[in-house]
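K.L.:
Residues per chain, in single letters:
Number of protein chains: 2
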Amino acid sequence: MSKETNNYKGRYSEPVPTSNLQNDENDFPEFEPFDEDATPRSFAPVGAALSVQHVDMCQQLNKPNHYTTAYDIQNLVVRRGQEFVVRVTFSRPLAEADDFQLEFLIGSNPSPSKGTLVAVTFGSRHGGPWSGQIVEAQGESVLLGITPTADAIVGKFRTYVAIVTSGGMQRTSRDANTDLYLLFNAWCPQDAVFLADEAARREYVMSDYGVIFQGTVSAMSQRNWMYGQFERGVLDACIYILDASRMPIYNRGNIIQLVRKGSAMINSQDDNGVLVGNWSDDYSMGMPPTSWTGSVKILLQYANTGVSICFAQCWVFAGVFNTFLRCLGIPSRVITNFNSAHDNTGNLKTDLIFKTDGTPDRRNTRDSIWNYHCWNEVFIVRPDLPAGLSGWQVVDATPQETSDGHFRCGPASVTAIKEGLLCHPFDSGFVFAEVNSDVVFHKRDRYGTLSPYRVDKTHVGQGIYTQAVGSPAPMDITHTYKYPEGSADDNRTMARAEEYGCERDHSELPDTQLTVTITVSLGHDVNLAVDFQNQTEHSTTVQAHLAGSVVFYTGVISKSFRDQNFTGPHKYSNTRMSERVMFRIPAQEYMPHLGSQLSLQFIVTGQADDQSVSAIKVIEMQTPSLTLMVSGQPQVQQEMIVTVSFTNPFNFPLQGVHLAMEGAGLVTHRTRYYSVIEPLSSISWKESFFPRLDGPRCIVAVLDSISLRQVTSSVLICIVHTGYC
Amino acid sequence: MSKETNNYKGRYSEPVPTSNLQNDENDFPEFEPFDEDATPRSFAPVGAALSVQHVDMCQQLNKPNHYTTAYDIQNLVVRRGQEFVVRVTFSRPLAEADDFQLEFLIGSNPSPSKGTLVAVTFGSRHGGPWSGQIVEAQGESVLLGITPTADAIVGKFRTYVAIVTSGGMQRTSRDANTDLYLLFNAWCPQDAVFLADEAARREYVMSDYGVIFQGTVSAMSQRNWMYGQFERGVLDACIYILDASRMPIYNRGNIIQLVRKGSAMINSQDDNGVLVGNWSDDYSMGMPPTSWTGSVKILLQYANTGVSICFAQCWVFAGVFNTFLRCLGIPSRVITNFNSAHDNTGNLKTDLIFKTDGTPDRRNTRDSIWNYHCWNEVFIVRPDLPAGLSGWQVVDATPQETSDGHFRCGPASVTAIKEGLLCHPFDSGFVFAEVNSDVVFHKRDRYGTLSPYRVDKTHVGQGIYTQAVGSPAPMDITHTYKYPEGSADDNRTMARAEEYGCERDHSELPDTQLTVTITVSLGHDVNLAVDFQNQTEHSTTVQAHLAGSVVFYTGVISKSFRDQNFTGPHKYSNTRMSERVMFRIPAQEYMPHLGSQLSLQFIVTGQADDQSVSAIKVIEMQTPSLTLMVSGQPQVQQEMIVTVSFTNPFNFPLQGVHLAMEGAGLVTHRTRYYSVIEPLSSISWKESFFPRLDGPRCIVAVLDSISLRQVTSSVLICIVHTGYC
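In the order they appear, the protein sequences are chains A and B.
Just so you know, my numbering puts 135 at position 135 of the first sequence, and the rest follows in order with no gaps.
Just so you know, my numbering puts 1427 at position 427 of the second sequence, and the rest follows in order with no gaps.
Okay, chain A solo, but in the shape it has when bound (with noise of 0.2 Å):
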C-alpha cells in the first residue's frame, strides 16, 4: 500500500508528507481571494496596485552569518533560530496600509499547525511562529529580517511573498532561486544542538576532513576520511536520505527523532539505507571498505540511484553518518573503541570457550571481540531525559541484528552510559555492554558442559578514543565512558547496571595464581614473549598451548596458522619474578595467509594443577606507506598538482591495484587502475585541480588491493584568497 495512492484515506485528512525534494509545482494560485463575502473593501490601496518586483536572498549577506559559505550549492543556506535577510523590490515605495508577508513552506500539504507553512509578518499583524522585521527601507526596496524558530523544521523551504489586496492574497509564482535550506545551528544557545565552545564548533560542525583511529589500543593507527559535507549535492543527498526514510517532514525539528532515523537510514538493512555491510572477505560486487577516501561519492551515488552502496564496515558507516550529521549542522565526531563487545545480547559476558586442553574451541565459541569499532556522539539536548543527561550521545549506524536497535542504535547519552543509568531510552544497555562486558573464559567438558574458569574485567572497552579538536591527534575520552575501574563510582555504575536487566558474570573463582601475559615485537617475523609467573606455594610445571591466527577486526577467525602445545619453564618458584618462553613467527608462516586482513591473534593458555591460565594479544601489522606532494600557488582558482607516489616493497606483485584520491574543497573525487604493480617497482599519479575554498585543506589518497588493503595517506595545505596566509 503505497502513500502515493489514496490509502492513507479514512486514516489521515491528508496523506502524512514525506518527502522534501520532491515539490515543484506552485503552491498556490497567483490569486487567492478571501472567502467571506461580507468583509468590507477596508483595504483599499493608496495609489497604485503594490507588487512584487525582485525577490533577493542576499547570500553574499547571509552566508557569512551563518557559517555556510563552503557550502556549494546555488540557493540559500541559513541556520535556524538566528536572522537572516530577504531583500524585496515592490512597484513602489511601501505605503503606511500597504500589508504583506513572506510565506515559507516545506513538503507537500504544507499546514500552518504543523510548522510546514510559516507567514512570517512585519508590522504590526500577528503572523506565524518565526518574527520578522523591517531591517531598512530603500524606496521600493526593503531589507527584511526573518528570524526562525530555534526548533524549526530542518530542509528546503520555497519562498512566496503575498500581498493583501481588497479582494484576496496576490502572491509570487514559485521560483525556485528563491528556496532556501534551514539547519541546524550551533551557534544558537536555544537551539537543541548549541555548542558554546567556537573551537570545538570549528571542530565538530565545519571540518570537512578527519582521522578515525583503528589498529589496537596499543598500536593505534588511522585512516583520513574526507567528511566533504560542504561538496556540490552533499545536502541535497542528506535530504534525500530523510525522504527515502519516508520520515514526516513535521518531525524534522526534532534532533532526537532525526538521528535516530539518519542511524537507520545510513545502513541498508530493512529501509534501502546509503550503505551494505560486508565482511566476508569478498567484495567482488561492490568498493571494499578498506578503498573509500571519504563520504562524498558515496552519497552522491545513493542519492542519484536509490540503490544502496556495495560495501562498509564500521569506519564507512560512521563516517558518512558523520557527513550526514555536520552537513545538517549537527556537530558530531567520530569515536573508535578498541576492544569492542560488539553482537552483544545486552548482558555484559563475551564468552570465550576452551577446551579442557585449554586450547581454543572456536566451534563452540560465538562471541568476539572486536579490535577496535567506530560510531559516532553528537552534542545534543536530551528534554526527554532527566537533568544532566544531555551533551554528547552514542550513536551508531553499523548494524546489528542482536541489538534491540532493529539495525540503528542511539542516541544514548554518554552520561548515562557512565552512570549505569540504563533505563533511559535509546539502547543505553547495549551500548554499555560493548564498553564494558566481561570477557569469561570457559572450560568447555567433554559432555558440552561449561565451566567458568576466568574472568577478564578490563579487556574490553579498554580505550575510547576521537580526534582532537584541530588536530589529527588522538584524543583519549575513555573517562567519558567509565569511571576508573574499580573505583566505588565505578562499582555504583555497575550495580545500577545489573539492576536495569545487563546480566554479569558472578562466578567465584579461586583467585589465579597463575598468570600469563604476551610481548610483541614486530618486524617482518614476529617475536613473541610469553611470561608465566608463578605465586604458589610450589614448583610447578604449566602445560601451555599457543594459538596463532590471522583475524578479521570484528576478532573473528579468518585462518589460523599455529596451533603448538609447549611446556612452560621447569622448577620456578614462588617469586615475583616471571618466567619466559619465546616464540618466533617467522614472516613466511603469517604472511600468506594475511590476504586482507593485517591483524594476528595469539591467545596462550595454560594449566598446572589445578589452575588455568589464558592470555590474548591482538597485533596489527605495519602497512607500508604512500607519498603525496602538492605543487603551484596555493590560492583559490590557481592550478596546482597532486603527485600520489608508491613502491611496491614486497616481493611479489600486487595486482588489481586501486588508487583514489579526494580533498574537500579542493579536488574532486579522482581514480586510478593499476593491473599490476611488480616487486620493488614504483608509481606516480599526478592531478591537477584548482581549489574551490580557503583556509586548511586536506588531500586523501588510498591504494587498495586484494592483497594490500588500505594504504593510506595525507598531506594538508592552507590554500588562500590573495596571495598571503
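These are calculated hints, taken from the structure and not from any lab test.
One or more hints might be untrue.
Claimed, not checked - To be clear about the criterion: a stretch of chain B counts as covered by chain A if any three or more of its residues have a C-beta under 8 Å from a C-beta of chain A, and this derived list gives those stretches:
1) 1117-1131
2) 1173-1179
3) 1366-1375
4) 1383-1396
5) 1419-1425
6) 1442-1453
To be verified - Taking lysine-lysine and the DSS-like style, the derived pairs with C-alpha atoms no more than 25 Å apart in a straight line are:
7) K617(A) - K1009(B)
8) K9(A) - K1559(B)
9) K9(A) - K1686(B)
10) K1009(B) - K559(A)
11) K355(A) - K443(A)
12) K355(A) - K617(A)
13) K355(A) - K418(A)
14) K1355(B) - K1156(B)
15) K457(A) - K482(A)
16) K482(A) - K418(A)
17) K617(A) - K457(A)
18) K1617(B) - K9(A)
19) K355(A) - K559(A)
20) K686(A) - K297(A)
21) K617(A) - K559(A)
22) K1009(B) - K355(A)
23) K355(A) - K482(A)
24) K1297(B) - K1686(B)
Stated by the list, open to error - With the C-beta cut set under 10 Å, the calculated list includes, among others, these residues of chain A facing chain B:
25) D99
26) E103
27) K355
28) R444
29) D445
30) T554
Ideal Cβ positions, reconstructed from N, Cα and C, are used throughout, including at glycine.
Model the placement of chain B on the given structure of chain A, informed by the hints.
P.N.:
Showing chain B alone in chain A's frame:
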C-alpha cells in the same frame, strides 16, 4: 546480503541463528568420540552396554500440570521454570557407574553459551543451567524430572538422550516426536510474566475468546473476537512469526525484546509482517477488517504463505496480537481508548482548525481524534526500569508513521505513563499523548495565521476500557493511566511530561463565558439539541454553524451531509439556564452516505462579539442483529448444530453478504456467502460440529457487506466431558 550465504564470514564466527522451525536434520552423529586421546578408560561399563529403547514425553502427565492441555498439537507443550517429566526406557536397569544426560537444542548452530544447547544431568556431575532429577526408577524405565530455568528461551526444542561411553557420547537420533515447545509461565514466580492471581491468569493467558469495545464512550458497542490460541497450527504460526522477524533465537527468552518484536511483526509495514492496514474503505483486494471472526484464519494463512494478510484496522491488529501473546504464555489483554489522539507527533496538541466564520477548515486540519483505538497490554516485570514500573505495559501493533516507533510501539509502562515518567523506554511519550492530548481549537484568519481560541483538556482519553475478568462486561481502567483531571497528582504528571519534552499548549485564553453542548437521541431520524448558555453580563446573539458528517472511526471525515448556518436564541440574559435550538436530521439525509461507516460527527461552532464556542459530538448508529442458536448434546465429541439467522431490516437489498463463524475448541472457521438478501427477508444457516474442548465455550458469527458492516453475535455454551456440567 542474505544470511543464507556465507556473508556472516568475518562478522560472526557462526551465522546468528534466527530460524526455529527449519531444523529437521540430525544434530549429531550417532557416536561422538571424545577429543582427548590420553583419557584413561575409566568409565568401562559394568555389564552390557547401555542404550536407549524409548523416550516418552509423558504428555498426559505434563500437560495438566503446565496448563497446556488445550493446545491441539502433537508434541509436548510445557512452561519454563517448572518441572516436567520424561520417561526413558533403557536396555537394562541403570547401574552405579552409568552416566547419561538429556540434551535440549533449539535453532541452528546451538551453543551452550547462548542457551540454545542445554545438557541436563541427573547425578553429581555438573550440567547446563536446567536442573534434573531422577523422580523414579523402575527397572529399565526411569522417570526424569527436568526444570528449565525461568528465563529459558521460548520455542521448539529437540530432545536427545546421550549416554557416556568410554570412547565418547552415544546419542539417540533425531526424533520429531520428542520435540517439545517451551512457553512463558505466568504461574512461576521467577518468570518475568508471573501473575499471582489465578482468575487473572485464567482470563489473560487461558481465555481463547473475548470482546473488544468500540463505538463511543457514552454509547459503547462491542464485538466478539476468537483468540483461538490453542487451535491447531497457531503455536507454530507464532513461532513462524518470530522466525520471519529474524529475531535471534538466543534473545527469545527475553520478554521485553520478544513483545517489542511482536508489535513490529503483527503489522506488515517494513518487515513483511502479518497484517496490512487499510482504512480507505476500499477492501476489494482482501477481506474487510470488519468481517473477521477471530485470529486463527489470519495466523494460519500467514504461516502457510509468508504473505501479509489483507486487511486490518486497529481491533484486528490488537486481536491477532493478543492471540500471539497468549499463545506463547504471556498474560495480555486488549484495551480500547476512547477519543484517542492517534497519529500524534509526541506532543500534547491535537489541532483543529476553523475558519473565521467558525466553520471547520477541513483542508487545513491535519489532526484527528479517533473515536477509539485498540492496543494491548502485557503483564510483565521491567528489570530495565527503576522499581515500581512493572506490571501492565502498553504494546501497540497498529502501524503509524508519526511515532519514533517505526511501526512498533512499546512496551511502555502504564505506571510510568500515569506518573508522567516519559524518560523510560519504549515510546512512552507517544502513548502518553494518545490519552492526554489537549484539543486546541484554532481560528485561521484570511492570511493563514492560526490563533488558538479554546483548549479542551478533557476530550481526549475519556475512557480506557478492557474486558472484565471472567465476563464480557467492560471494565473501566482509565484510572490506571491517569490521575483525576485537575488533581495535584495530575498536575505533577503533566508537569513531568512537559519536562520530558511533551509540548503543551499554554495559550492564555480568556475564560469562555459562552458554552454550547450537544445532545442526541437516536432513532432512524437523529434529533439534535444544541444548548447555549450565556454567562456574560449582557444579552447577545450567537451566529452559529452546524456541521454534520459521516466519519471513519479515526475521526477522519468520509462525507459531509449538513453545513448549516443558524442563529442562536435571542435576548437571553445572564442566567445558568441554557437556551435550546433543535435540529432534526432525517434518516434519508445521512443514510445514503453511511456506507461502511456507522459514526456521525456533529460540530457546532458559534460566535458572539469576541467570543467563540465549539462543541463536538460523535454518535454511533445501532446495527441490526444476528441470532445464534445451538442445539444438541453439549458434550465433547458429540454432534451439535449451530444456526445463524438474520433478517434484513432495511427497505433496500443487501448485496454481497459474507457470513463467517468460528468457535475455539468447538467449531472451525466456516463461511457462507449470499449474493443478495432482499428487504425484510431472512436467511438461516446451519452448521454441524463436534466440540474438542470442554468448559465454557463461545461461538462467534459475523455478517459483513459493503452497505452493512460488522453485524456480530455470539453464543456461550458449556461443554462437558461426561454428561454433567
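K.L.:
Now tell me, hint by hint, if it's right for this structure.
P.N.:
A quick look at each hint next to the structure:
1. 1117-1131: holds (count 7)
2. 1173-1179: violated (count 0)
3. 1366-1375: holds (count 3)
4. 1383-1396: holds (count 4)
5. 1419-1425: holds (count 4)
6. 1442-1453: With 8 residues closer than 8 Å to chain A, the region 1442-1453 of chain B meets the three-residue bar; holds.
7. K617(A) - K1009(B): holds (22 Å)
8. K9(A) - K1559(B): holds (12 Å)
9. K9(A) - K1686(B): At roughly 38 Å apart (the allowed maximum being 25 Å), K1686(B) and K9(A) break the hint.
10. K1009(B) - K559(A): At roughly 12 Å apart (the allowed maximum being 25 Å), K559(A) and K1009(B) satisfy the hint.
11. K355(A) - K443(A): Roughly 6 Å separates the two Cα atoms, so the pair holds.
12. K355(A) - K617(A): Holds. K355(A) to K617(A) sits at ~19 Å (cutoff 25 Å).
13. K355(A) - K418(A): violated (36 Å)
14. K1355(B) - K1156(B): violated (60 Å)
15. K457(A) - K482(A): holds (13 Å)
16. K482(A) - K418(A): The hint holds at about 5 Å.
17. K617(A) - K457(A): Cα-Cα ~16 Å, so holds.
18. K1617(B) - K9(A): It holds: about 22 Å lies between the C-alpha atoms, which stays within 25 Å.
19. K355(A) - K559(A): Measuring from Cα to Cα gives roughly 19 Å; hence the hint holds.
20. K686(A) - K297(A): holds (20 Å)
21. K617(A) - K559(A): holds (16 Å)
22. K1009(B) - K355(A): holds (23 Å)
23. K355(A) - K482(A): violated (33 Å)
24. K1297(B) - K1686(B): Between K1297(B) and K1686(B) the Cα gap is close to 20 Å, so the pair holds against 25 Å.
25. D99: Because about 8 Å separates D99(A) from the closest Cβ in chain B, which is inside the 10 Å limit, the hint holds.
26. E103: holds (7 Å)
27. K355: The hint holds - K355(A) has a Cβ within 10 Å of chain B, the shortest such distance being about 6 Å.
28. R444: With Cβ-Cβ at 7 Å, under 10 Å, it holds.
29. D445: Result: holds, 8 Å to nearest chain B Cβ.
30. T554: holds (6 Å)
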